Amino acid sequence: MKNERRAFLIAAGAMLAGALLPAHAAAQLEVQQAGTLRVAVYADYAPFSARGKGIDVAIAQSLAERLGMRAEIVEFPPDENMSDDLRNMVWKGHYLGRRPADVMLHVPVDAQFAAQNDKVAIFGPYHLETIAIARNPERVPSVSGSAAVAFEVFTREKIGVELDTHASDFMLHVLNGRLRDNVVHFRSVAEAAAAMAKGEVSAVMAPRSQLEAAMKEHKQFAIDALTMPELRVKGWPLGMAVKAESKELAAALSEALAELQRSGELGRIFSAHGVTHRIP
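Residue numbers (mature numbering (1 follows the signal peptide of the UniProt record, and there is no 0)): -25 to -1, 1 to 255.
Any given hint could turn out to be false.
The calculated DSSO-like cross-link candidates involving lysine-lysine, where the alpha carbons are at most 27 Å apart (straight line), are [said to hold, decoys possible]:
1) Lys173 <-> Lys133
2) Lys194 <-> Lys133
3) Lys28 <-> Lys67
4) Lys94 <-> Lys218
5) Lys218 <-> Lys67
6) Lys28 <-> Lys218
7) Lys28 <-> Lys194
8) Lys222 <-> Lys94
9) Lys133 <-> Lys191
10) Lys209 <-> Lys194
11) Lys209 <-> Lys133
12) Lys191 <-> Lys28
13) Lys94 <-> Lys67
14) Lys222 <-> Lys67
15) Lys173 <-> Lys194
16) Lys191 <-> Lys173
17) Lys209 <-> Lys191
Now the in silico label distances, taken between C-beta atoms and shown as ranges [said to hold, decoys possible]:
18) Ala9 <-> Gln36: 15 to 25 Å
19) Arg155 <-> Lys67: 36 to 46 Å
20) Ala200 <-> Ala9: 43 to 53 Å
21) Ile254 <-> Leu206: 16 to 26 Å
22) Ser58 <-> Pro112: 33 to 43 Å
It should be emphasised that the hints constitute simulated quantities derived from the structure, not laboratory data.
Because the structure is a prediction, the values reported are computed rather than measured.
Using N, Cα and C, we set each Cβ at its ideal position, and we do this for glycine too.
Please work from the sequences and hints to get the whole structure.
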């Protein structure tokens, strides 16, 4: 009886200690390696993550620091779609043997998308991304109004887009495909920006963050938001994803992100990479 009572008190004490653990300490129990936060970010995706540098890399390091951990950055190439990326890098792992991360950054925070991926928890929006156009004002006037009005100039002028992106798909099909002969494809937004600096194209359509970073040395070019009704996706919040059952880790990361926001560090990270931080 005495031993049973002692065992009960030990178990109760352990349960109470667990309940009193601060969020970052509880989160330590849900990572794969104690003291390490394994963070998945996209490879070759400047200004967010490329060769160990970028906005998402800096955010990952700051989040880990606030959780009392070391950040282990895992850069990975995108698969066919975002759902595949979540499977490979968050809840299952890649069939070639790459183990998943504890958290993945640059995930769109969208209720419908989250419902389609119930094996992960998507949360913590940290930036509002939007579609924009960088233009040479001497060749392309301000773009506003409907696509028929704003993009008529591209029946004469060439516009650059990155391969296999929303911008590419939009420009190839808008105005019943009338512009496709003047749509020039590049492997990256940076390459498109370089072509615009050489005069090979008069504009580039891409996510605004990528345009701002690519154009920071070219102050002669303008960057305009695109709000035309034909553009189905105008903006989307970027956040994080963890395994659906990792509730303590999600809570701790949310708390750490809020601290980054309150301290102004989040804005400074974006600014250091030439990008305007937009709060979702």
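Checked hints:
1. Lys173 <-> Lys133: Answer holds: Lys173 to Lys133 is near 13 Å, not above 27 Å.
2. Lys194 <-> Lys133: 20 Å, holds
3. Lys28 <-> Lys67: 26 Å, holds
4. Lys94 <-> Lys218: Answer holds: Lys94 to Lys218 is near 6 Å, not above 27 Å.
5. Lys218 <-> Lys67: Holds, at about 9 Å.
6. Lys28 <-> Lys218: 25 Å, holds
7. Lys28 <-> Lys194: OK: Lys28 and Lys194 at ~24 Å, within 27 Å.
8. Lys222 <-> Lys94: Roughly 12 Å between the alpha carbons, so the hint for Lys222 and Lys94 holds.
9. Lys133 <-> Lys191: Within the cut-off at roughly 21 Å; holds.
10. Lys209 <-> Lys194: Given pair Lys209, Lys194 holds - Cα atoms ~24 Å apart, limit 27 Å.
11. Lys209 <-> Lys133: The given pair, whose Cα atoms are some 22 Å apart, holds under the 27 Å limit.
12. Lys191 <-> Lys28: At roughly 17 Å apart (the allowed maximum being 27 Å), Lys28 and Lys191 satisfy the hint.
13. Lys94 <-> Lys67: 9 Å, holds
14. Lys222 <-> Lys67: Given pair Lys222, Lys67 holds - Cα atoms ~17 Å apart, limit 27 Å.
15. Lys173 <-> Lys194: 14 Å, holds
16. Lys191 <-> Lys173: Between Lys191 and Lys173 the Cα gap is close to 15 Å, so the pair holds against 27 Å.
17. Lys209 <-> Lys191: Cα-Cα ~22 Å, so holds.
18. Ala9 <-> Gln36: 15 to 25 Å: 18 Å, holds
19. Arg155 <-> Lys67: 36 to 46 Å: Distance hint for Arg155, Lys67 holds at roughly 38 Å.
20. Ala200 <-> Ala9: 43 to 53 Å: The hinted range 43 to 53 Å holds for Ala200 and Ala9, with Cβ atoms some 45 Å apart.
21. Ile254 <-> Leu206: 16 to 26 Å: 22 Å, holds
22. Ser58 <-> Pro112: 33 to 43 Å: 40 Å, holds
The structure is consistent with each of the numbered hints, conforming to all of them.
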